[in-house]
Structure formats: C-alpha cells, structure tokens
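Engineer: In the order they appear, the protein sequences are chains Y and B. So for the first sequence, this note's numbering puts the first residue at 1; every next one is plus one. So for the second sequence, this note's numbering puts the first residue at 169; every next one is plus one.
Don't take every hint at face value.
Said to hold, decoys possible - Simulated pairs of lysine-lysine, PhoX-like, Cα-Cα distance not exceeding 25 Å:
no. : chain 1 : residue 1 : chain 2 : residue 2
1   : B       : K307      : Y       : K36
2   : B       : K639      : Y       : K75
3   : B       : K388      : Y       : K153
4   : B       : K209      : B       : K199
5   : B       : K320      : B       : K198
6   : B       : K388      : B       : K413
7   : Y       : K36       : B       : K280
8   : Y       : K36       : Y       : K17
9   : B       : K320      : B       : K303
10  : B       : K562      : B       : K639
11  : B       : K388      : B       : K400
12  : B       : K552      : Y       : K153
13  : Y       : K75       : Y       : K153
14  : B       : K199      : B       : K303
15  : Y       : K75       : B       : K199
16  : B       : K207      : Y       : K153
17  : B       : K236      : B       : K207
18  : Y       : K153      : B       : K199
19  : B       : K207      : B       : K471
20  : Y       : K75       : B       : K198
21  : B       : K280      : B       : K320
22  : B       : K307      : B       : K320
Unchecked claim - If we take Cβ atoms under 10 Å as the criterion, some of the chain Y residues that face chain B in the derived model are:
no. : residue
23  : S30
24  : F33
25  : Y37
26  : N43
27  : P44
28  : I79
29  : V82
30  : E83
31  : A111
32  : R113
33  : V114
34  : I149
35  : R155
Everything labelled a hint here was simulated from the structure, so no lab data went into it. C-beta: ideal position from N, C-alpha, C; glycine also.
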Amino acid sequence: MALAEWMRQNKAPVVTKWFQVLLADYAGESGRFLEKYQEQFANPMGYAFFQGLEGLFEQLLEGLEPHRVRPCLDKIMRIRAVEDFSPSQAVDFVFRLKGVVREQLSGEIQANRVSTPEILAFETMIDNLALLAFDQYMLCREHLNEVRINEIKNRTARLLARAGGATF
Amino acid sequence: MASVPKPDQLLKIDHRPPQTGWMDTPVVFKKGTYSHAAKAKNLEAVDLPNPRDWSPDQQDWKLPENWKEIVLEGLRERLSRYRSLQIFMDICVRCGACADKCHFFIGSGDPKNMPVLRAELLRSVYRKDFTTAGKILGKFAGARELTTDVIKEWFYYFFQCTECRRCSVFCPYGIDTAEITIIVRELLNLLGCNIDWIAGPVANCYRTGNHLGIQPHTFKDMVEFCVEDIEKLTGVKIEPTFNRKGAEILFVTPSGDVFADPGTYTLMGYLMLFHELGLDYTWSTYASDGGNFGFFHSMEMAKRLNYKIYAEAKRLGVKWILGGECGHMWRVIHQYMDTMNGPADFLEVPVSPITGTRFDHAGSTKMVHIAEFTADLIRHNKLKLDARRNDHFKVTFHDSCNPARSMGLFEEPRYVLRNVCNHFYDMPEGTIREQTFCCGSGGGLNSDEFSEMRMRGGFPRANAVRYVREKYGVNTLACICAVDRAALPPLMQYWVPGVEVAGLHELVGNALIMSGEVPRTSDLRGNPLAEGDGDGDV
C-alpha cells in the first residue's frame, strides 16, 4: 500500500516527468512548444498528451479498467497513429513510465519504504497498459484506413449512382 | 575481429530524434506523408517540362541534366519579377511570431513546418547564390549549397503547405509565406516535379474547363440529377439553363459541388434559391469550375485556367458574375483575376436584381460571392425562411481560409447561418475568422495517399470542433469551400465522429420556403424532419 500512497501524493511530479519523457520524441524546438500544455487550442497536441497522461496515471492507481483507460489512451494514440513513428515507437512512452517511477522513487526504495513485490506489480500494470496502448494504436490505424476507403468510394459514388444505380 | 557492442552499450537507447542540424537532415519519404508524382501525360497536356514517370520515394528523380542551372535561373528571374519575393527573402528577422501558427507544425511537431523554417529552406539557397555574405561565409551566414537533397526537401515541405496564410496574419513584417510556397512550387515545376493531385486537375481543367474532366453533356446531366432530387423533395420543378446567351448573370461554382457529396446538397441549395428568386442566370459548361488548381502550380497556370470565366461571360453577354462557395477560387478572383485577365470592362458593376444593392467592392472584378448575395437578400427580407427545418442540426462554422483571410468574409456567412438555423455556435476565439485553422487539405493536397499528413494538418481545426461538440452537442460543421466539403468529412470521421459537413447553401435550401412546394418531410439529404417542421408555417 505504501507505493499506492506514494503515487497519489506524487502524481503531479510523476506525470510532469512522464510528459517530458514523451515530448523527448519531438525535436528540440517542437518539444519546447508542446510543453505549453495549458493552451488547449493553440497547442492541441501538448494539451491532449498531458490530459491523456494524467488520466492514464489515475487509471493505473484505480486498477486499469479497460473501458476507462481507452478514452485516455485515445487522446494520445490517435495523434501518435498519424505521425512518423513505427508502432513500437508510438507505444514506447508507456514503458518509459517505469524509468520515471524508479527514478522518482529511488529514495523510497533505498529507505526500504516500498517493497519489491509492490514495484513489480506496478510494472506489470504498466506492461498491461502498453498492450492496451497497442490495441488503441491499431484501432486508430484501422480507422484511418477505413476513412480513406470511404473517401475514395464517395468520390465516384454519385457518378456511379447516376450511371446505373450502383452503390457500395 | 568484429567489434561487438557490450550489453551495457546495447541498453543505451537514445529515444530522442536525430540531433543533426536541419540543413543536414534529409527528408524520408514515408507512405501517407507525400502525394504521388505528376504523371507524364498530365504535364504533356499543358506543355510542361520534363514529363516522365517517377516517384518521390525513389532515389533517382530523373531531373534534367542542368537542373541546378534551371532552378537558380528561375529564382533569379522571379526575384527580379516579384519585388515582394526579394523583400520576403531579405526582411525576415526570424522573430518566431509565425513559428507556432502553422496547422502542420501544431499538428505534427515537425520543426520544418514552422513557417519561418519552411521559408528558410528557400532562403538558405538564396543566400548562397544571391547574397555576398552567403557567398563568402556559407553556412555561417545561413547559406547552403543547392543539392538534389534540397530539391527533395522542397518537394516534401512545400507540398505540405496548404497556402492558407494563417502564419502571415501574425508576421509583423507581413511576409506572406504562401507566396514563398507558390514560388518554390514554380521552381519545382521547372524540373517537372509536381504532384498528380494538382497536375491531373490542371490538365483536365485546361481541356474541359473543370478539374474532373467532365464534358458538357455530363455536367448538364449531373446538374439535372440534382434538379430531379429537388422535385422529389419539394414538388417544385426547376429548369436551369446552360450556355444561354443574354442571361443577366453567369453563375460559376467549383465542380466539386456538382459531382461529389456533400457538395451536391449545396448545389441543390443554389438551384432552389435562384429558382425562387426567378433569377435571370445561366450556367456555363466550359466555365464549369470556379476552382483553379493552376494557382497551386504557378501564377501563369492560374491565369490560363482563370481566363475562361471572363471569356464565357463575354461570349454569353451577361452583365455580371455570381460565384459559388469556394476557397482558393476566391483568392484568385479577389486578389489576382482583375490584373491577370481583367479589367472586365465589358461587364457592369454587379447590382442585385432583387434588392437593388450595388456591389461596389466588386466594381472591378464584376464578380460577387454568393454569401454576400444571400446575406443581402435576407437583410432586405426577400426570402421566406423556416429555420426550424434545420433544427436537427447544431451548427458551427468553419471560416474557410481564403474567403476569411483573403476577403475578410466573416460576417456574411454567419448572418445567413443565424437566419436559417436556430442552433449556431461559434468555435473559440483564435480558431476562427482571420485566425481560422485550415482544413489541412488545401493548396492541392487533398489526395487520399496523403491521408496521414492531412490528419495531422487538420488536427487543430478538428480539436476546436471537438470542443463545441462536447460543449454544445454540435453535429454539423458548415463551410463555404468545396475543398472543405471534400476534406472535412474524413477529418471529422477520424477526429470527431458524429459531425457532418454541410455547405452554407445546403442549409439555406433546407430553410427556404418555395412557392408551390409540398410540405417537406425531409431535408436535402433525405433525413426526416421533426413533425411540424416542414409545413412552412412561420
């Protein structure tokens, strides 16, 4: 329980650090711009990333219910799915939460205030979150392809309908 | 012995992007982020240089042997022809005001999409070959050698700019980065490097008058298809005329309204409005597209494709021209047509035959935007409208880039919307009017193979739509641009499912009470109306 309590008390620094780790995927100037996460409309990516990470962190503390996790994941993965990342790079930020937590928690570990089984259990949850993130990534990619197919169909639909009532 | 990394070395994974300078980071052509190359036949159709089959992701772009000389000579010529270009090259102090204003940068985080850096892609070459400091100091003065990698980089990034001009709104010096994009695209064209989504429509438009290459009989057929739909919905038979000499008004609209949903519903709205007014107007089957993809190619091509509008107005002997809902069409008309192919002395200053309003601001071009025309009709109480027929729509308005930033057309469409809809909600400040976010697909970038990049570029717009959807339950995104009507539906499907896209005059058509109409049971798309909303009892 010590770990869960620590997480609750240290939510803000952990999420902020996790956010910085995610932004490290973006080149210097871009990362600095994306950091201004409060600007919902001028910086929608940074805003969505921060909101998503904050939500995911809360869900990790709540037990990772998939139906509650997905909307938070979608805020991030819908963007990552249309960027230049490979699938593994796109979900990599989830695994990197382990490093963030270990670093922030080092004092607690050295003082034996957090047990190894607790840490391992939490890291297993992060692994599970990564699996859900990959599912969400694939869902977004499939959605993107579906949108593209619909667009191609729609371009000729009216002409075909006129030509002979053909529909897709 | 081979050098095998040790385990601790393998564990050192750098997650950060490459830290090479922007000049030394070549582009990677990944599917989804670039458009297909222009086909040889489409370049040949309009006598453009270096027609060949090639692909951007191949190493060899089959450039002409003297490609470098061609580009530098092309740049020299344009620097002397356009004083604005020379100023734009020299005056930028890299203050960064534009940096975070581009929708592609905001939506992708790619630093080369910061307008200042995108312009620097050209400026660095300019410095090397056209400034003393650059010639002597090279890289220290921000100059670089023109290489094939630079050409590839230009192709990648200048076919990622939609020429929306949002960045120029924020530039303290008024640098129009869209014009820099226009010039670089012109230079690329000298080497035969364009995208087919532009070259194909240009070739079609030059031959048939419209981007889709539809011939006159099919154009007429498609309009009449909409006429049949209107009769089914309203019981009113409309009889539009084509190429009728002596009509008072020539109506020109983008061909997207004629051939693709949801533009066709906008077309139905035009037809219904003109019929109800008894307007003495005609369609032209040659000036069958107000859109002008030539503008995404070069100024010369824009001029060639624009020519047909005045030519048809003259041939048909009309008094003035009314233009439909389109984006870049209006930038060409409002900012270039008068000097490209005008002055249209043979036409009269447009006067609305219904209200008597004289459109003096169009006194030289002789062409009026339909949003102004309809707003004037409503202002003079000339239309019977039942806004309840749009009650199933909760509407927001996307200011299309060109009518907004090139014409300042902010109030007229909103005035019309407030009169034909009962539920209208604007998106937040900073995302509308002159600061509107682009759809991400303008500038000839609406190809399906470019889908990933379009989703990135359109994200800031979609994000603002999502906000009004969550806050007010908005389900309809109205706009006055044919590219928007093609590009926004997929954008909404991906980012904000549940929001449909409609043209302004589709909503006018729904609300318009026509003489002799039967009680409406559905809107123009066939969606059933709520009980009592179609009886016209206002």
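Engineer: Compare the structure with the hints numbered earlier in the document and write down the numbers of the violated ones, lowest to highest.
Structural biologist: Of the numbered hints, 1, 12, 13, 14, 25, 31, 32 and 33 do not hold.
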